[in-house]
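Participant: With chain A held as given, fit chains B, C and D onto it using these hints.
Residue numbers (our numbering), protein chains in the order written: chain A, 105 to 440; chain B, 105 to 440; chain C, 105 to 440; chain D, 105 to 440.
No lab work stands behind these hints, which were simulated from the structure alone.
Treat the hints with care, since some could be wrong.
Repeated chains share a single entry, so a pair holds when one copy, or any two copies, can fit it.
To be verified - In silico lysine to aspartate or glutamate, DMTMM-like type, Cα no more than 25 Å apart, as pairs:
| # | residue 1 | residue 2 |
| --- | --- | --- |
| 1 | Lys293 | Asp381 |
| 2 | Lys270 | Glu362 |
| 3 | Lys403 | Glu215 |
| 4 | Lys132 | Glu435 |
| 5 | Lys403 | Asp332 |
| 6 | Lys290 | Glu329 |
| 7 | Lys293 | Glu369 |
| 8 | Lys325 | Glu212 |
| 9 | Lys290 | Glu162 |
| 10 | Lys216 | Asp404 |
| 11 | Lys132 | Glu374 |
| 12 | Lys403 | Glu162 |
| 13 | Lys230 | Glu187 |
| 14 | Lys325 | Glu241 |
| 15 | Lys325 | Glu142 |
| 16 | Lys290 | Glu300 |
| 17 | Lys403 | Asp209 |
| 18 | Lys403 | Asp224 |
| 19 | Lys270 | Asp404 |
| 20 | Lys132 | Asp436 |
| 21 | Lys183 | Asp436 |
| 22 | Lys293 | Glu142 |
What follows is each chain in one-letter form.
Number of protein chains: 4
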Amino acid sequence: MTRVAILGATGYTALETILLLLRHPHVKITALTTRSDENLHVSQVHPQLTGRLDLHLENLTPEQIGERADCVFCCLPHKASAERIPALLAQGCRVIDLSADYRLDSPEVFEKWYGVAHPDPERLGKVPYGLPELFREQIRGAQLVANPGCYPQTAICALAPLLAKKMIRPNGIIVDSKSGASGAGKSLKPHLLYCELNEGFSAYGVGVHRHQPEIEQVLGKVAGEPVDLIFTPHLVPMERGILSTAYSCPTREFTQEEVMAALREYWANEPFVRVVDHLPNTRECRFTNYVNVTARIVKDRIVTVSCIDNITKGASGSAVQNFNILYGYPEDTALI
Amino acid sequence: MTRVAILGATGYTALETILLLLRHPHVKITALTTRSDENLHVSQVHPQLTGRLDLHLENLTPEQIGERADCVFCCLPHKASAERIPALLAQGCRVIDLSADYRLDSPEVFEKWYGVAHPDPERLGKVPYGLPELFREQIRGAQLVANPGCYPQTAICALAPLLAKKMIRPNGIIVDSKSGASGAGKSLKPHLLYCELNEGFSAYGVGVHRHQPEIEQVLGKVAGEPVDLIFTPHLVPMERGILSTAYSCPTREFTQEEVMAALREYWANEPFVRVVDHLPNTRECRFTNYVNVTARIVKDRIVTVSCIDNITKGASGSAVQNFNILYGYPEDTALI
Amino acid sequence: MTRVAILGATGYTALETILLLLRHPHVKITALTTRSDENLHVSQVHPQLTGRLDLHLENLTPEQIGERADCVFCCLPHKASAERIPALLAQGCRVIDLSADYRLDSPEVFEKWYGVAHPDPERLGKVPYGLPELFREQIRGAQLVANPGCYPQTAICALAPLLAKKMIRPNGIIVDSKSGASGAGKSLKPHLLYCELNEGFSAYGVGVHRHQPEIEQVLGKVAGEPVDLIFTPHLVPMERGILSTAYSCPTREFTQEEVMAALREYWANEPFVRVVDHLPNTRECRFTNYVNVTARIVKDRIVTVSCIDNITKGASGSAVQNFNILYGYPEDTALI
Amino acid sequence: MTRVAILGATGYTALETILLLLRHPHVKITALTTRSDENLHVSQVHPQLTGRLDLHLENLTPEQIGERADCVFCCLPHKASAERIPALLAQGCRVIDLSADYRLDSPEVFEKWYGVAHPDPERLGKVPYGLPELFREQIRGAQLVANPGCYPQTAICALAPLLAKKMIRPNGIIVDSKSGASGAGKSLKPHLLYCELNEGFSAYGVGVHRHQPEIEQVLGKVAGEPVDLIFTPHLVPMERGILSTAYSCPTREFTQEEVMAALREYWANEPFVRVVDHLPNTRECRFTNYVNVTARIVKDRIVTVSCIDNITKGASGSAVQNFNILYGYPEDTALI
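For reference, chain A alone in the conformation it holds in the complex (with noise of 0.2 Å):
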């Protein structure tokens, strides 16, 4: 049984995480904490929890966490993630962490993007990017994993394949991602209001998306060679799913058979990539840890179509795909 902690336990992913360890039937979840919402019981928070874990949120010290747990699900926003966890570590939790904050190698590309100075920047660089579809091993051994970002990992998925064959430039690459709400979290934005948000379909973030960084990163190392791209995300009037349309230069003429068949070559020993031959929907996926990919030969382009469920493994699946290959627990507990 490993205990687990969760930390920032008000918002989205850190309910899914809940959702999918109550399933989990090697974990005990000891603790969840909160910076603002001090001594409200979980239910009171997530109403969907009543009945099914009866912990109160706790402002807890890096100590009482260490105490308590063996892992750690860290779920706060950016910034305030790196600031707590190098004294998680050093209590000898294994940390999962769900923000942006080890995602990127470099100090200097993550305060251009998100606007701060890392808390923790001798670290960048040496934690697993935690898409183990491409760095489980790096993962399995590792004390802190840096869970991958929502939009990215639909790109990635989409892109790896043709980039590691070399099937496609690493340049002049066009990512139009379509995201559900949730992806935005619980905050009190005007722009996240039901009636702003139902019916109405917009872009945001053209161009300066902190995802973009991400993507080009690890699709980088993918290739082998520096990938350039354009990421756009848009904002869908749904709740849960991530679409991303990517439109790529072959470098030769390719057949969408051959194209077809090095993804399904390429992901074919993952046990969540499915590679469709339809144009998949975002609801084949929805609260599952699968990502579903599929691609087509337009006039000189490729495109590919890619989608996730973007709480499930956009975030928390993902993470507990993570969890378990850290504690060597079969990759697909609690994620079927």
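Facilitator: This is chains B, C and D only, laid out in the frame that chain A set:
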């Protein structure tokens, strides 16, 4: 007072046309036709119209329509439109065709994309494309107007200024579009069921959607040279609205200010095109005849974002706008 | 041309009022006030209005408002309305108050349900309740009109005919109502976030909602005796629309035909009340000023079902209807 | 390991049953039948199941089913179920029938409400009603279980405690229920289209819905006397969830605390019934097997509010719960 008939009165664009025309001070709706629900009162098909329009759906001959109406809004599917319109023109009616039948100039292109021989091929190439923002003068004197497609309007309003001013290259353009479900009409298809479409997002018709040649043809006229683009439509879990994100290559380096100024200058006199600084949301155009357009420079591309209500500006609103031009009414009558 | 000011112009009912009045041929909007977003252009708050209304939000004194406007639509919250309206009346303005402040006749009842002392108690009981369907003559000569609540309109339009005709008992009535989220306004409350409200349905305010005494008061006047009912509101995951299902006890046995005939007879001359045979859907009234009503006999009860658009007929549409009555314009001006 | 067949595998309750059983450590799904989509792979009908279940839909005889499966979940429509179940029972299968066919005790009542003669009338009255919360012991030894209706479960869980304890009168009860659209199944009906159902709310089946006699029958058994109620269903623009607001007359004056205590006491040992203090939202039960119940005293009535996920607890979750009881597995297996 202009007497108006609406052909194919059971669908969404017909309903919207009726709702707009009920506000028009110079219109009397005198006939509604159908091929299937004959003899039903219009309020049985469209309960919204209860107490607002006292007409039955009828299966009328062109002669009967010609006796009753000066102007016909044809809301029939493609092919069915072009099978009936010649006889209506022979009756002296003016016709605004909301189908795709007279939009493409070439019978061969039509047949390639629509999979059927065109029923009235001689007329192709002589019918004005009913986007007043570009073709107002040709529309003014026409007897038949080809009302433009919904997706094309968003792409055209964003890209026409940049092509006309030779600011972008006419090839390598990517138009990634997203539409609400009303664009698919009222047909009984499983993927249009609430429980299949709700909370899901998907691409469809990748590389094979019929609006691609329509966009290319119209933009080609504006550019004065062939335009080549990739068009990818997506289905958004909402009712109304289309947003298109287009990626094009500038012919030289431009600042964002220059691109925005070009958009503003080009559309300066158009009452229904709003060039906006912010990233627009389809909600802002919902139930209106407006097109919202903006642009950003991202790396080496110009990214434009444009949106409309696919049923209003995208179909019935443009149709009423064309009607106003045809009959000399102020162009925004019934559209504010 | 009537000059109109709108107080509290940032909310949903203000926006809807503006949109309706933009279609009104005899209205010029001359002032928009706010207590918080001073100096913003209205299009920054309501991007839908870009290019349609060139006014800034201002923090104006009653004198300034009186100089600029003949009629004031007051979209302020309760209490704030009654604090400002006396000064506006003193300036000679006519005022249509969309808040609840002048709906109840008794300062004690107001204080009990709204939890604050009424700022202008002497005027209570002298202000006509702005439901033209019942109080048109009192409205006609008024300087101040208390625009009716959204839920009450649905309950009143269904039950008033049956109470007036003594067909149902004035007690033991149950009004089970369901509203879209726009009724809760634009406030930043967690339960109004898209991801909290979407795909969920709940009751709220059971037994304690402020519209209960309002419904009882108005129906009591119609019945000529006290009316006692239970009112239960629910929140529907949609934007607009209220539907009320009411259960009442007939005073003797009636056929369904008799009940329907009574409804039709009572509302025969009302342009905005539609007595329909079918079970109405709020969609049929969406974005309109119509009320749809029907009735069924089930066992020993009369079950009525009635619906409106809560923002149009439920607030701004009725306000414009009242405005038209006050100024002698055709009652449906700007409402079709 | 129990071998399970699912009859009528194309619908929503079949899909949900499959998804739940895929998590069940002691179940192997061995057959999926259909009457219409023979030979399709299940992932073609339910793309969510891609990579998760490798079975084709087949048109199997009872003998073939009997060879392959120990237990049959019958997801066929009413009448079709009772036409096939006797042969399955003869094969020795245990059957959990998700249709309405064996819920009512009387063939006459069945025929009155369902409009067809019952195909297997002798068995009526001998089949346990599959609500474990009331009939666990009868279910335990049964070969056939009549899985309960979705609406009835909400009404029963709220009212059974009060009727059992004689706290409310058995007549004059009003059950005003609201359901998401998945309850209507996957049939191609116009009112189930996204653009017809979205952003609309309506009542349906007022006074004539088939769940009324089912609720009355079950509550009558609990009360030990006939129960008479009015049941009004409504359609909510969401996918999943039912909430019922019920109004009943207390037999004497009770405090709210007494009513809540009665609910808590009655359901104290039920793992899936949660008596909550707050007014519950269907979201809290979404994708779970929980029933949430609360009560309020309003004037002279007890108002109960109860909710479930109509597909999980309302159908497939209860079915799996019954399955666990039949086979001696922990009752919450695969349901957490």
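Participant: Are the hints correct? Go through all of them and say.
Facilitator: Hints and how they fare:
1. Taking the closest pair of Cα atoms, Lys293 and Asp381 come within 25 Å of each other only across two copies (21 Å); inside a single copy the shortest separation is 39 Å, beyond that limit.
2. In the homo-oligomer, the alpha carbons of Lys270 and Glu362 lie at most 25 Å apart inside one protomer (13 Å), although the nearest pairing across protomers, at 37 Å, exceeds that limit.
3. When the C-alpha separation of Lys403 and Glu215 is checked against a cutoff of 25 Å, the pair qualifies only between copies, where the shortest distance is 20 Å, while the shortest distance within a copy is 39 Å.
4. With identical chains, the CA atoms of Lys132 and Glu435 are at most 25 Å apart both within one copy (17 Å) and between copies (21 Å).
5. In this assembly of identical chains, the alpha carbons of Lys403 and Asp332 lie at most 25 Å apart whether taken from the same copy (21 Å) or from different copies (9 Å).
6. In this homomeric assembly, Lys290 and Glu329 never come within 25 Å of each other (Cα to Cα): the closest approach is 37 Å inside a single copy and 49 Å across copies.
7. With identical chains, the CA atoms of Lys293 and Glu369 are never at most 25 Å apart, being 44 Å at best within one copy and 34 Å at best between copies.
8. In the homo-oligomer, the alpha carbons of Lys325 and Glu212 lie at most 25 Å apart inside one protomer (18 Å), although the nearest pairing across protomers, at 47 Å, exceeds that limit.
9. Only within a single protomer do Lys290 and Glu162 lie at most 25 Å apart by alpha-carbon distance; the minimum there is 19 Å, versus 32 Å between protomers.
10. With identical chains, the CA atoms of Lys216 and Asp404 are at most 25 Å apart between copies only, with a shortest distance of 20 Å across copies and 34 Å within one.
11. Taking the shortest Cα distances, Lys132 and Glu374 sit within 25 Å of each other only across copies (23 Å), while inside one copy they are farther apart (27 Å).
12. When the C-alpha separation of Lys403 and Glu162 is checked against a cutoff of 25 Å, the pair qualifies neither within a copy, at 57 Å, nor between copies, at 40 Å.
13. Taking the shortest alpha-carbon separations for Lys230 and Glu187, only the intra-copy value of 17 Å comes in at or below 25 Å, while the best inter-copy value is 63 Å.
14. In the homo-oligomer, the alpha carbons of Lys325 and Glu241 lie at most 25 Å apart inside one protomer (15 Å), although the nearest pairing across protomers, at 56 Å, exceeds that limit.
15. When the C-alpha separation of Lys325 and Glu142 is checked against a cutoff of 25 Å, the pair qualifies neither within a copy, at 42 Å, nor between copies, at 47 Å.
16. Within a single copy, Lys290 and Glu300 get their C-alpha atoms as close as 15 Å, and across copies as close as 9 Å, so both meet the 25 Å cut-off.
17. Within a single copy, Lys403 and Asp209 get their C-alpha atoms only as close as 36 Å, which misses the 25 Å cut-off; across copies the closest is 22 Å, which meets it.
18. Proximity of Lys403 to Asp224 under the C-alpha cut-off of 25 Å is found in neither arrangement, the shortest distances being 46 Å within a copy and 30 Å between copies.
19. Within a single copy, Lys270 and Asp404 get their C-alpha atoms as close as 16 Å, and across copies as close as 23 Å, so both meet the 25 Å cut-off.
20. Proximity of Lys132 to Asp436 under the C-alpha cut-off of 25 Å is found in both arrangements, the shortest distances being 17 Å within a copy and 18 Å between copies.
21. In this assembly of identical chains, the alpha carbons of Lys183 and Asp436 never lie at most 25 Å apart, being 30 Å within a copy and 40 Å across copies at closest.
22. Both within a single protomer and between protomers do Lys293 and Glu142 lie at most 25 Å apart by alpha-carbon distance, with minima of 22 Å and 20 Å respectively.
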